[in-house]
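> Generate coordinates for the entire structure from the input sequences, incorporating the hints supplied.
Chains as they are written, first to last, in this note's numbering: chain A, 46 to 303; chain B, 502 to 767; chain C, 250 to 512.
I should point out that these hints are in silico values taken from the structure, not numbers from a laboratory. Please note that the accuracy of each hint is not assured.
Each computed DSSO-like pair below joins lysine-lysine, with the alpha-carbon atoms no more than 27 Å apart [what the hints assert, rightly or not]: (1) A:K137 with B:K511; (2) A:K69 with A:K238; (3) B:K516 with A:K143; (4) B:K683 with B:K616; (5) A:K290 with A:K64; (6) B:K683 with B:K607; (7) A:K210 with A:K235; (8) B:K616 with A:K183; (9) C:K264 with B:K683; (10) A:K137 with C:K261; (11) A:K137 with B:K516; (12) C:K261 with B:K764; (13) A:K183 with A:K231; (14) B:K510 with A:K165; (15) B:K509 with A:K137; (16) A:K235 with A:K143; (17) A:K137 with A:K113; (18) A:K143 with B:K509; (19) A:K143 with A:K121; (20) A:K137 with A:K69; (21) A:K137 with B:K510; (22) A:K143 with A:K113.
These figures come from a predicted structure and were not determined experimentally.
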Amino acid sequence: MIEFNDVSLVYPNGTQGLKNVSLKINPGEFVVIVGLSGAGKSTLIRSMNRLVTPTDGELLIDGEDILKYNQRKLRKLRTEVGMIFQNYNLVKRSSVMKNVISGRLGHTNTFASLFNLFPKEAVSLAYRSLERVNIAEKVYMRADQLSGGQQQRVAIARVLTQQPKIILADEPVASLDPPTSHQVMKYLRKINKEDGITTIVNLHFIDMAMEYADRIIGMRAGEVVFDGPASAVSEKTFEEIYGRKIREDDLVGGQENE
Amino acid sequence: MELVMPPKKKRSLYKTIRNLLIAIALIALYTWTFATIDVRWERVFSEHTVRNFTRVIPQLFSPDWGAFQKVMGLMWQTLQMAYTGTLLAAILAIPFGFFAASNMVKNKVLNNISKGFLNGIRAFPELVLALMFVAAVGPRPFAGVLAIAIGSIGMLGKLYSEVIESIDMHVVEALQANGANKIQVLFYGVIPQIIPEFLSYAIYRFEIDVRASTILGIIGAGGIGTLITISISNRKWDEVGMILLVIIVVVTIIDNVSAIIRKRIV
Amino acid sequence: MSNLEVKSVVSKNAKLRMTVILLVVVGLYIYTSWATKSTPMDIIKGWGGFQRILTDLFPPNWSYVPAVWEKLVETIQMALIATTFAAIVSVPIFLLSASNLFPNSWIYQPVRFIMNVLRTIPDILLAIIFVGIFGVGVFPGIMALFIFSLGLLAKLMYETIEAIDMNPLDAIRASGGNTIQVIWYAVIPQVLPQFVSFSLYVFEVNVRASTVLGFVGAGGIGLLLQQQINWFNYPRVMTIIIIIFIAVVVIDLISNKIRERIV
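As structure tokens, then:
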């Protein structure tokens, strides 16, 4: 369970990233965070694995305040929290397998990882993760030979190989076309439902948010301005969150390609 | 529990054999090198060395400030040598650069001859060139200047030709379409595009030439190198320390100033 | 009505500045070429010397080739050993010099500073000092080349590292990898081809440099060069020079071919 208690973040240059955020996210929820650029969505998500560090308040994950973690505990936290990025963040020159199995690095002893000596179970886990996103046949290809959507699926497989308790996705579909975006969101939802992993996604497409989320959190200027189930949300809600009328580029449209 | 494993990675036979051959070749190369190199270990780890160490190193690190005037004077001469040589080369390399550029001189034979000539010059270490010039005109800074100049023509000529080959030919085409003659195209279309980079490379080469000029004196071609030989044969290591200090400081200053100027040009 | 009178294509200020710069550059050149006695007059006067040396050097003494061969091999071996050790030792150094891997300036600034200082010392000067300590032989030569290549390779590599894509590093750090794992899995694969290419380039530079180190007693073919010049045996000198030339050209060619295939 994730608990934000009056969390604030002020950046070194003075901008306020988060302002008095208080939230509770239950295990297994599929939460989508929406808001304009700069509203604090990314900051909120990146606080949960401490890629950014809040300056005030308490951030409890499973009862422990992660803001007080030392290096060792931080590393352990990060093995339990998987992250998917807008730019996939794969090592382009490495193979798909190498990229996916690097999800196990947090669990592997440094020396062994230098020699690519992962336990058999890890290799099997990596392969099965690839199978779950239907990209197992590309296992030895170089990552930069894949399309955007395929790379994002490899990123999802990498996160699965971590066997995390929480999955964070920071604008996972912003670089993808509509059909591929739907495909990726469907995989995220499938994993959330099948494995019960708490999933928190940043999106700026409101139709996508309404379609896939259990719960929607709206942010503006670093503050939470909406928090409720997806069924209680309409386009008008978004206008309130954004503070302006909905535009065409707020919608992704399209259908998944089968 | 049965583990689902990924399929075995297919390794092409060609690649495996090739990698094996490369590995064998490298191992053979290194074994042969380390086996046959004649390092006189008895001398390296001898009492002699320890004595030298305790004598040389402390003196190196306490430079002889009394020699400062002498050293600075020769350093100034070194800089003059480098400046003369580089400037000469910067100008003389220009025609070579043009001849080697396939978009300016459309004659492939001329291109290749120029490229070959430039590459040829670059194969000569500067000290070797300086040796020949010292034998030709005597042990004077003049020999050093010539060595620097000839040596730099090689590198600058090659860099120049690369710059010329990378200009935007559309500009040239547009001028030609407007009725400009060859000279006008050159001055209004080509030269403005190449001047900043030519200058930048010339200044960069100056950095290298200053370093080179510092040691040409060892074989008599003028500059601070002449003092190095004298100090070493007199075993005056504190003087060598002073020389070292001056070289380090001057070269560092020139490198930094050169980097600043080059950033502003390009 | 406009008060602006445009008299020429280039603004007055720019023209003035360019003229001043040109005058300074040319003036300085006139001074330095006079001070070093390298004016065109001197070139004309020296012409006789050029002709003389050319006739002395040619024809080269071909029977001398076998004697040179052994020293040439030694020269190349020196360069090989120095480059190899420099490549290995440079790894931790250039990693520490990269400000995007170790943002703490107390780490990367001093490392860079030391490397930069080492690079300003001409390799022959290093060789002379090492000969003074370790005596005549290949060891001082290898040491000198080693130190020089270390600085050079470290600089080339940290500049490469500072230009890599930082995103994969974020991802591996976010999944719990420690610094070493981040470097091995996200940094090294991105820079490995460049590293091999630069190492080959440094090898080329070292071959060139080691041909002359022997002149000051640090091993290699330079020793023969010094001997033959002292005895005024110019045909042999020419032989040595030609062999150096061929060796450098061949090694450059091979190295360039390999480097093209890597990057």
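> Run every hint past the structure and note whether it holds.
For each hint, the structure was consulted:
{"no.": "1", "hint": "A:K137 with B:K511", "verdict": "20 Å, holds"}
{"no.": "2", "hint": "A:K69 with A:K238", "verdict": "19 Å, holds"}
{"no.": "3", "hint": "B:K516 with A:K143", "verdict": "20 Å, holds"}
{"no.": "4", "hint": "B:K683 with B:K616", "verdict": "23 Å, holds"}
{"no.": "5", "hint": "A:K290 with A:K64", "verdict": "24 Å, holds"}
{"no.": "6", "hint": "B:K683 with B:K607", "verdict": "14 Å, holds"}
{"no.": "7", "hint": "A:K210 with A:K235", "verdict": "15 Å, holds"}
{"no.": "8", "hint": "B:K616 with A:K183", "verdict": "45 Å, violated"}
{"no.": "9", "hint": "C:K264 with B:K683", "verdict": "25 Å, holds"}
{"no.": "10", "hint": "A:K137 with C:K261", "verdict": "52 Å, violated"}
{"no.": "11", "hint": "A:K137 with B:K516", "verdict": "22 Å, holds"}
{"no.": "12", "hint": "C:K261 with B:K764", "verdict": "24 Å, holds"}
{"no.": "13", "hint": "A:K183 with A:K231", "verdict": "20 Å, holds"}
{"no.": "14", "hint": "B:K510 with A:K165", "verdict": "15 Å, holds"}
{"no.": "15", "hint": "B:K509 with A:K137", "verdict": "22 Å, holds"}
{"no.": "16", "hint": "A:K235 with A:K143", "verdict": "24 Å, holds"}
{"no.": "17", "hint": "A:K137 with A:K113", "verdict": "35 Å, violated"}
{"no.": "18", "hint": "A:K143 with B:K509", "verdict": "14 Å, holds"}
{"no.": "19", "hint": "A:K143 with A:K121", "verdict": "21 Å, holds"}
{"no.": "20", "hint": "A:K137 with A:K69", "verdict": "37 Å, violated"}
{"no.": "21", "hint": "A:K137 with B:K510", "verdict": "19 Å, holds"}
{"no.": "22", "hint": "A:K143 with A:K113", "verdict": "33 Å, violated"}
Of the numbered hints listed earlier, those contradicted by the structure are 8, 10, 17, 20, 22.
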